[in-house]
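72 is the number of the first residue of the sequence shown in the working numbering; add one for each residue after it.
Hints were generated in silico from the structure; no laboratory data involved.
You can trust all of the hints, since none of them are fake.
No more than 27 Å apart at the CA atoms, straight line, and that leaves these computed lysine-lysine pairs for DSS-like:
no.: 1; residue 1: 89; residue 2: 157
no.: 2; residue 1: 76; residue 2: 166
no.: 3; residue 1: 157; residue 2: 170
no.: 4; residue 1: 75; residue 2: 166
no.: 5; residue 1: 206; residue 2: 132
Source: prediction; values computed, not measured.
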Amino acid sequence: MLTKKPDLEVKPTPSDKKLVRMGWIIVALNYLLVLVFYFDLPDTIPTHFNLQGEVDDYGHKSVLWIIPILSSALYFGMGFFVTHMKPSNINYPIKVTEKNAPQLYSIGIRMLVVINLATVVAFLLTTFAIVFKVKGILDTLDVPMLIGIWIVAGLVPFYFLYKMYTVSRQ
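Please take these sequences and the hints and turn them into a complete structure.
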């Protein structure tokens, strides 16, 4: 059953805002990385790798632009929520009260900011790995490492869920 949560005004902290700006810098670096190497890449590049890091699919080098475009679209969308959404609209794993709401709302905002940042970092590292593989800087692509980076990015919310549960015990 849905219960009404306190409608408090909680904004992103200065640290949250710094992390958001850092994320935009990482998104820009992703575009810059593709741009710097793009004209020096062959027309056909590896676009998919098996778990051993061996190429198992190819595509046109323009496909490489999908990574920064997707990264910036997701970052913008999630960033919009962080800066414009009321924290009381977020679902929390514990009961929100007048007493714990300010702390929970701050944790909820920080969680969204960090998830967003972890995602763009994973996108940037994916771009680095593909470009370095194509340029011959890497012999094989460390696919398990890339998968691990994406898994770590996906586990970020669990840390914040833990923090929310500790708030409820205080």
